[in-house]
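Based on the hints, put chain B in the right spot on chain A.
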Amino acid sequence: MSLLAISALEKSFGERRLFSIDALQLAAGERYALTGENGAGKSTLLRILAGLETPAAGAGRYGSRHFNWNPYPDWLRREVIYVHQQPYLFHTSVADNIAYGLRARGVERGERERQVAEAIGWARLEHLLGTPPQKLSGGEKQRVALARAWVLAPKVLLLDEPTANLDAESRQQTLALVREFCSPRTTAVIACHDRDVMELPHMRRLHLANGRIDLERVGTS
Amino acid sequence: MELLDTSHQALLLLFSGDPELWGIVGVSLSVSLIAMLIAMPLGVGSGYLLASVEFVGRRPLIVLIQGLLASPTVVVGLMLYLLLSRHGVFGQLHLLFTQSAMVIGQVLIALPVLIAFSLSAIQSADPRARETALALGATPPRVAWTMLVEVRFALMAAVCNAFGRVVSEVGCSLMVGGNIAGVTRNIPTAIALETSKGDFAQGIALGIVLLVVALGVNSAFAFFQGESQR
Numbered sequence: 001m002s003l004l005a006i007s008a009l010e011k012s013f014g015e016r017r018l019f020s021i022d023a024l025q026l027a028a029g030e031r032y033a034l035t036g037e038n039g040a041g042k043s044t045l046l047r048i049l050a051g052l053e054t055p056a057a058g059a060g061r062y063g064s065r066h067f068n069w070n071p072y073p074d075w076l077r078r079e080v081i082y083v084h085q086q087p088y089l090f091h092t093s094v095a096d097n098i099a100y101g102l103r104a105r106g107v108e109r110g111e112r113e114r115q116v117a118e119a120i121g122w123a124r125l126e127h128l129l130g131t132p133p134q135k136l137s138g139g140e141k142q143r144v145a146l147a148r149a150w151v152l153a154p155k156v157l158l159l160d161e162p163t164a165n166l167d168a169e170s171r172q173q174t175l176a177l178v179r180e181f182c183s184p185r186t187t188a189v190i191a192c193h194d195r196d197v198m199e200l201p202h203m204r205r206l207h208l209a210n211g212r213i214d215l216e217r218v219g220t221s
Numbered sequence: 222m223e224l225l226d227t228s229h230q231a232l233l234l235l236f237s238g239d240p241e242l243w244g245i246v247g248v249s250l251s252v253s254l255i256a257m258l259i260a261m262p263l264g265v266g267s268g269y270l271l272a273s274v275e276f277v278g279r280r281p282l283i284v285l286i287q288g289l290l291a292s293p294t295v296v297v298g299l300m301l302y303l304l305l306s307r308h309g310v311f312g313q314l315h316l317l318f319t320q321s322a323m324v325i326g327q328v329l330i331a332l333p334v335l336i337a338f339s340l341s342a343i344q345s346a347d348p349r350a351r352e353t354a355l356a357l358g359a360t361p362p363r364v365a366w367t368m369l370v371e372v373r374f375a376l377m378a379a380v381c382n383a384f385g386r387v388v389s390e391v392g393c394s395l396m397v398g399g400n401i402a403g404v405t406r407n408i409p410t411a412i413a414l415e416t417s418k419g420d421f422a423q424g425i426a427l428g429i430v431l432l433v434v435a436l437g438v439n440s441a442f443a444f445f446q447g448e449s450q451r
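Protein sequence lines correspond, in order, to chains A and B. Per my numbering, the first sequence starts with residue 1, numbered consecutively. Per my numbering, the second sequence starts with residue 222, numbered consecutively.
Derived by calculation from the structure, the hints in this document are not laboratory data. Note that the coordinates shown come from a computational prediction; the quantities given were computed from them, not determined experimentally. Be careful, since some hints might not be right.
Claimed, not checked - Using 20 Å as the maximum straight-line C-alpha spacing, the simulated SDA-like pairs for lysine to any residue come out as follows:
1. A:Lys155 / B:Glu352
2. A:Lys155 / A:Leu3
3. A:Lys135 / A:Thr186
4. A:Lys155 / A:Thr186
5. A:Lys155 / A:Arg179
6. A:Lys135 / A:Arg179
7. A:Lys135 / B:Lys418
8. A:Lys135 / B:Ala346
9. B:Lys418 / B:Ile283
10. A:Lys135 / B:Ala350
11. A:Lys135 / A:Leu200
12. A:Lys155 / A:Leu125
13. A:Lys155 / A:Gly29
14. A:Lys135 / B:Leu224
15. A:Lys135 / B:Asp347
16. A:Lys135 / B:Glu448
17. A:Lys135 / B:Gly447
18. B:Lys418 / B:Val433
19. A:Lys135 / B:Val370
20. A:Lys155 / A:Pro201
21. A:Lys155 / A:Trp69
22. A:Lys135 / B:Gly428
Unchecked claim - If we take Cβ atoms under 10 Å as the criterion, some of the chain B residues that face chain A in the derived model are:
23. Gly278
24. Arg279
25. Arg280
26. Ser345
27. Asp347
28. Pro348
29. Thr353
30. Ala354
31. Ala359
32. Glu371
33. Arg373
To be verified - Now the in silico label distances, taken between C-beta atoms and shown as ranges:
34. A:Arg205 / B:Thr360: 48 to 58 Å
35. B:Ala443 / A:Pro201: 29 to 39 Å
36. B:Ala413 / A:Thr131: 39 to 49 Å
Note that the Cβ used here is the ideal one computed from N, Cα and C, for glycine as well.
For reference, chain A alone in the conformation it holds in the complex (with noise of 0.2 Å):
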């Protein structure tokens, strides 16, 4: 069975109408690239998974449990993350960043601590631990939302173009974290026009153009 589905969504701008999927079925521990031409609705659907934006009909399933957008669970919000194209990092330091959504959980302290400092090997922050977060460059600012998002260890990654704007160095680091975090414990949906992304291991297709999606295999194994 699919980990997450959705039926019959569909989004509209005013009286254009962005997309309208009669079925999408994620499964689980299996990576996704989201592609399809600028405006065709790709961070929308995945702002929409996250619970970001309401779409204006559909149905969703994630396991065995039905839900809808308006209100989005709670429940799933400590399942899926979303990690924005250009993410943004609280006026804070790297690491209260990297322990937010842990705090949220409720996680203790000492265990906190010991997941932050994991994250951040992880991600191979150690060095900008004493930078403010806004003087980080972008890919250093993608890094750190990246290990935000791997600390919580989610079912569902939704990463919107992560490797957008980067400079190629950035890139490579952006490109080896997100290779890391597809594990097969995590169901990955990533957009993006990048052919280094869309190439990565056992990833699969989605496309939505002209209001619909087709999913297809392209990645290696």
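Below, chain B alone, put in the same frame as chain A:
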């Protein structure tokens, strides 16, 4: 020459630790600080709700609050006087001509400033801040707290602005405080009284204290406003 002599006397009064003068300063600061302590959570909380929750009548309410920013303090004092006077709705509380009445008046004066500035601060915050908090699983109260922390410098600027307004207002304090020596006489009402009596030295001395307070508050306001735009 008269101005120089009077200023000299004013400085002597200030630095001699004149108990009457410093008592007036104490009344002024304690009333205004208590008013701010009451108004801050109410104003900032209301500003957050107005910025975050859609409801019928929200727009007119925002326009009304922004309009109240320009309300003369003496009119606030008049309304409060009518409510607190013996035949008023709250006459039984016997609050007229007490520091409590002055505190209530200053809370009413500070609230529109705090609400309007907090609303503006939250509305101008990066929308990704709220979305990020939500996406990371924060509950609505935690999202609210996160947003307030994110715009903390703008909120501190709002607090400085509101404090500057209440500590220097004379109309409301005079109406509902009554300018009673040692009880409700604060800096602005004392300056008005001493000047009318021709005792300029105490008026100037109190004016200097008020200017120092206003300068300090406005410097803090400018600092926080600068920090909020970084």
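Hints versus structure:
Restraint check: the Cα-Cα separation between lysine 155 of chain A and glutamate 352 of chain B comes to about 19 Å, which is no more than 20 Å; the hinted pair holds. The straight-line distance between the Cα atoms of lysine 155 of chain A and leucine 3 of chain A is roughly 9 Å, inside the 20 Å bound, and the hint therefore holds. Proposed proximity of lysine 135 of chain A and threonine 186 of chain A is contradicted: the alpha carbons are some 31 Å apart, above 20 Å. A hinted pair counts as satisfied when its Cα atoms are at most 20 Å apart, and lysine 155 of chain A with threonine 186 of chain A qualifies at roughly 5 Å.
At most 20 Å may separate the alpha-carbon atoms for a hinted pair to count; lysine 155 of chain A and arginine 179 of chain A meet this at roughly 16 Å. For a cut-off of 20 Å, the pair hint linking lysine 135 of chain A to arginine 179 of chain A is broken: about 26 Å separates their Cα positions. Pair hint lysine 135 of chain A plus lysine 418 of chain B does not hold up; C-alpha atoms about 59 Å apart against a cutoff of 20 Å. With a C-alpha separation of about 18 Å, the suggested pairing of lysine 135 of chain A with alanine 346 of chain B holds against the 20 Å cut-off.
Distance restraint check for lysine 418 of chain B and isoleucine 283 of chain B: the Cα-Cα separation of roughly 43 Å exceeds the 20 Å cut-off, and the hinted pair is therefore not satisfied. Between lysine 135 of chain A and alanine 350 of chain B the CA atoms are separated by roughly 17 Å; this keeps the pair inside 20 Å, and the hint holds. Restraint check for lysine 135 of chain A and leucine 200 of chain A: not satisfied, since their Cα atoms lie roughly 30 Å apart, outside the 20 Å limit. For the suggested pair lysine 155 of chain A and leucine 125 of chain A, the alpha carbons sit about 24 Å apart, so the restraint of at most 20 Å is broken.
For the hint pairing lysine 155 of chain A with glycine 29 of chain A, the CA-to-CA distance comes to about 8 Å; that is within 20 Å, so the pair holds. At roughly 53 Å between alpha-carbon atoms, lysine 135 of chain A and leucine 224 of chain B are farther apart than 20 Å, so this suggested pair is violated. A threshold of 20 Å between alpha carbons decides the hint, and for lysine 135 of chain A with aspartate 347 of chain B the separation of about 16 Å falls inside it, so the pair holds. For the suggested pair lysine 135 of chain A and glutamate 448 of chain B, the alpha carbons sit about 14 Å apart, so the restraint of at most 20 Å is met.
Proposed proximity of lysine 135 of chain A and glycine 447 of chain B is supported: the alpha carbons are some 17 Å apart, at most 20 Å. A distance of roughly 24 Å separates the Cα atoms of lysine 418 of chain B and valine 433 of chain B; the hinted pair therefore is violated under the 20 Å criterion. As the CA atoms of lysine 135 of chain A and valine 370 of chain B are separated by approximately 18 Å, the hinted pair is consistent with the 20 Å bound. Distance hint between lysine 155 of chain A and proline 201 of chain A is fulfilled; the C-alpha atoms sit about 19 Å from each other, no more than 20 Å.
Between lysine 155 of chain A and tryptophan 69 of chain A the CA atoms are separated by roughly 18 Å; this keeps the pair inside 20 Å, and the hint holds. The straight-line distance between the Cα atoms of lysine 135 of chain A and glycine 428 of chain B is roughly 44 Å, outside the 20 Å bound, and the hint therefore fails. At about 22 Å, the closest approach between the beta carbon of glycine 278 of chain B and any beta carbon in chain A exceeds 10 Å, and the interface hint on this residue is violated. Violation of the interface hint for arginine 279 of chain B is found here, the shortest Cβ-Cβ separation to chain A being roughly 19 Å, above the 10 Å cut-off.
Here the hint on arginine 280 of chain B is broken, as its CB sits about 21 Å from the closest CB of chain A, past 10 Å. With a least beta-carbon distance of about 14 Å to chain A, the hint placing serine 345 of chain B at the interface is violated under the 10 Å criterion. At a threshold of 10 Å, the smallest CB-CB gap from aspartate 347 of chain B to chain A is about 6 Å, leaving the interface hint in force. Hint status for proline 348 of chain B relative to chain A: holds, with the closest Cβ pair at about 9 Å, below 10 Å.
A hinted interface residue such as threonine 353 of chain B counts as satisfied when its beta carbon comes closer than 10 Å to some beta carbon of chain A; here the least separation is about 5 Å, so the hint holds. Because the smallest distance between the Cβ of alanine 354 of chain B and any Cβ of chain A comes to about 7 Å, under 10 Å, the interface hint for this residue holds. Below 10 Å, beta-carbon pairs count as interface contacts, and alanine 359 of chain B has one with chain A at about 5 Å; its hint therefore holds. Contact between glutamate 371 of chain B and chain A, as hinted, is supported at the beta carbon level, the nearest pair being about 6 Å apart and thus within 10 Å.
About 8 Å separates the beta-carbon of arginine 373 of chain B from the nearest beta-carbon of chain A, less than 10 Å, and the hint is met. Distance hint check: the CB atoms of arginine 205 of chain A and threonine 360 of chain B are about 36 Å apart, inconsistent with the given range 48 to 58 Å. The hinted range of 29 to 39 Å is not satisfied by alanine 443 of chain B and proline 201 of chain A, whose Cβ atoms lie roughly 55 Å apart. Between alanine 413 of chain B and threonine 131 of chain A the beta carbon distance is about 53 Å. The supplied range of 39 to 49 Å is therefore violated.
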